[in-house]
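Q: So you can see what is in the structure, the chains are spelled out below.
2 protein chains.
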Amino acid sequence: MPTVPQLFQPRLRAHVSVTFHHIVEAARRIGPYIHRTPILTSAYFNDLFSAELFFKCEHLQRIGAFKARGACNAVMQLDAETARHGVITHSSGNHAQALAYAATLRSIPCTIVMPRTAPLIKKQAVMGYGAMVVECEPTLEDRERTMQAIAQQTGAHIVPPYNDERVIAGQGTAAMELLEDVANLDVIMAPVGGGGLMSGTAIAARAMVPNIDIIGAEPAEAADARISLETGVLQGPPQTMTIADGLRTALGDITFGILQETHVRIVTASEDSIREGLFRVMERMKQVVEPSATVTIGALMEQPDLVRGKRVGVIICGGNLDIRTLNR
Amino acid sequence: MPTVPQLFQPRLRAHVSVTFHHIVEAARRIGPYIHRTPILTSAYFNDLFSAELFFKCEHLQRIGAFKARGACNAVMQLDAETARHGVITHSSGNHAQALAYAATLRSIPCTIVMPRTAPLIKKQAVMGYGAMVVECEPTLEDRERTMQAIAQQTGAHIVPPYNDERVIAGQGTAAMELLEDVANLDVIMAPVGGGGLMSGTAIAARAMVPNIDIIGAEPAEAADARISLETGVLQGPPQTMTIADGLRTALGDITFGILQETHVRIVTASEDSIREGLFRVMERMKQVVEPSATVTIGALMEQPDLVRGKRVGVIICGGNLDIRTLNR
Chain A
929 MPTVPQLFQP RLRAHVSVTF HHIVEAARRI GPYIHRTPIL TSAYFNDLFS AELFFKCEHL
989 QRIGAFKARG ACNAVMQLDA ETARHGVITH SSGNHAQALA YAATLRSIPC TIVMPRTAPL
1049 IKKQAVMGYG AMVVECEPTL EDRERTMQAI AQQTGAHIVP PYNDERVIAG QGTAAMELLE
1109 DVANLDVIMA PVGGGGLMSG TAIAARAMVP NIDIIGAEPA EAADARISLE TGVLQGPPQT
1169 MTIADGLRTA LGDITFGILQ ETHVRIVTAS EDSIREGLFR VMERMKQVVE PSATVTIGAL
1229 MEQPDLVRGK RVGVIICGGN LDIRTLNR
Chain B
929 MPTVPQLFQP RLRAHVSVTF HHIVEAARRI GPYIHRTPIL TSAYFNDLFS AELFFKCEHL
989 QRIGAFKARG ACNAVMQLDA ETARHGVITH SSGNHAQALA YAATLRSIPC TIVMPRTAPL
1049 IKKQAVMGYG AMVVECEPTL EDRERTMQAI AQQTGAHIVP PYNDERVIAG QGTAAMELLE
1109 DVANLDVIMA PVGGGGLMSG TAIAARAMVP NIDIIGAEPA EAADARISLE TGVLQGPPQT
1169 MTIADGLRTA LGDITFGILQ ETHVRIVTAS EDSIREGLFR VMERMKQVVE PSATVTIGAL
1229 MEQPDLVRGK RVGVIICGGN LDIRTLNR
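Chains as they are written, first to last, in this note's numbering: chain A, 929 to 1256; chain B, 929 to 1256.
It should be emphasised that the hints constitute simulated quantities derived from the structure, not laboratory data.
Do not rely on the hints blindly, as some may be mistaken.
Pairs involving identical chains hold if they fit within one copy or between any two copies, as the list cannot separate such chains.
When the alpha-carbon atoms are kept at most 25 Å apart in a straight line, the in silico SDA-like pairs for lysine to any residue are as follows [claimed, not checked]:
| hint | residue 1 | residue 2 |
| --- | --- | --- |
| 1 | K1238 | D1181 |
| 2 | K1051 | F982 |
| 3 | K1051 | N1255 |
| 4 | K1051 | E953 |
| 5 | K1238 | P1047 |
| 6 | K1238 | Q1005 |
| 7 | K1051 | R1134 |
| 8 | K1051 | N1139 |
| 9 | K1051 | R1212 |
| 10 | K1238 | L1006 |
| 11 | K1051 | I1194 |
| 12 | K1051 | E1204 |
| 13 | K1238 | R1044 |
| 14 | K1051 | N974 |
Values in this document were obtained by computation on a predicted structure and should not be read as measured data.
Generate the whole structure from the sequences, applying the supplied hints.
A: Spelled out as structure tokens, the structure:
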């Protein structure tokens, strides 16, 4: 048995519990609160890969990442009595800002548990939305313990970052928009961390373009999803470091099941490829994106045959990068 | 008499020689070869300045800057016999790439004279368009002398970077598009270096919205345009350094005359304000822009009263920034 951290109370499920219908409903539900992000093309990358690439720009989404979609879809579904007690999560990343943003839409309390070592700028970003930040020790155990304790005291509703049907359905709306806006895609690609975006993407893509090739990209240094899918055994979080820090997360049981059933293929990118992809997106497309967003491009630089001659949708997951310390 | 370098054979003129009609013609002429760039808005900057800002995104223009417009407008007007001998300029900046790009459209030779100290990446960018790079000593005199010598030998036609009616008319198409796309602007702003963009912007804006407030922004460390307009005496290029290196240029006699006649107001920004504006555009709008582009935003951070409560068009001039050495 692999060691899977008991994070956000994972449940064991026999089959995929999120359907395309849930994504369509999520799109209707969250439409007023999120941006329908633009799709950019780049002659440079088309030439580089001898393909037609369509970049879905979730770095231009509210809070600078696709995470706004899932958090809004979860929060908007809460009944009034549940919502009244507020929402809580533990995160030092984009999900923290996303939940804080979603809570403002219903004017409900929001608590974010963050390790005390998290950068001040991340705490400030969350507090900027009126959320309360509670610090904890920088271990998964203390994050979880602190969150559960507060949830019990306050009755706050826990919104997990990815292993949650409502969150997955929300994230799937990005791929749905992409496939609505660009016809005849042969391939759709997204980064894989906990698998929330990838699961939503795969469900939408399989429903809308049944024969599409669905490719998830993860850092070679954090290739737990690839191993999980190859072995059929859910791996724990990688112990290694990667500049795509948003992707240093294991799949959950729900996202693992969805990736298995939708036949997602996983490819990897080295740290050098991710970094080079990051610079080239900034230099050539003039877009500020985060390293987690260029793991797809890094993987294509290593394996251009994956897309040669094809029409490829690429989901750019976010743009929350500390530009002031980029080269340090 | 001030010392005005005899750069690109300046001519003395009695009145404005570029009209709105020239800009309309330029738009028709260059339309197939340039992007109609998008206009972005930002809730963050609207809040910061208590105004409605509309950013015209010339960093998403071909070659990454508005300069593609003027170069194309000049090159497309050459008769076949003149064009046959090719075009030449001296520049280590965006005008070099712009002219190289424009030359490819007519498949004519292009020579760029660059100081031997220019970064390799700039030479490579120009050579990537098939232009020839000729190195010279890093002085204005040697740049000019080298260019004139080659032009005489080859018959190549000189396309100056800003003090040229065709170039000015081309640059004016950016403001024309902005004013077509956004109604009821109270203010239009652009950076001022040699004054090509500012001249074209002012002519288009005065014709399309006669009472609009036209504001040029330049670095406080390179405030030659402000002094020129205040004193009525054309100043030479500033001797100081600025991170907005594209703006370390004096006005020419043509651009000086246009800025006088169109009642352009000049404001300045400190180096700190330009830098802070740069980071905030990248952090909040997720756009990669060059420091010359954020001198407008830096000036507004120092003087928000200029635009409070108003609808403001801001031309983002370009995005050619060395992202790999940003923090060094």
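Q: Now tell me, hint by hint, if it's right for this structure.
A: Outcome of the hint check:
1. K1238 x D1181: Result: close neither inside a copy nor across copies, 32 Å intra and 52 Å inter.
2. K1051 x F982: neither (33 Å within a copy, 30 Å between copies)
3. K1051 x N1255: Classified as both; 23 Å inside a copy, 23 Å across copies.
4. K1051 x E953: The answer is neither: 32 Å in one copy and 53 Å across copies each exceed 25 Å.
5. K1238 x P1047: neither (41 Å within a copy, 36 Å between copies)
6. K1238 x Q1005: neither (38 Å within a copy, 39 Å between copies)
7. K1051 x R1134: neither (38 Å within a copy, 47 Å between copies)
8. K1051 x N1139: neither (43 Å within a copy, 45 Å between copies)
9. K1051 x R1212: For K1051 and R1212, only the inter-copy Cα distance (17 Å) is at most 25 Å; the intra-copy one is 32 Å.
10. K1238 x L1006: neither (42 Å within a copy, 40 Å between copies)
11. K1051 x I1194: neither (33 Å within a copy, 39 Å between copies)
12. K1051 x E1204: Answer is between: at 21 Å across copies they meet the 25 Å cutoff, but 29 Å inside does not.
13. K1238 x R1044: neither (46 Å within a copy, 42 Å between copies)
14. K1051 x N974: Cα proximity of K1051 and N974: across copies only (23 Å, versus 39 Å in one copy).
Checked against the numbered hints given earlier, the structure breaks hints 1, 2, 4, 5, 6, 7, 8, 10, 11, 13 and satisfies all the rest.
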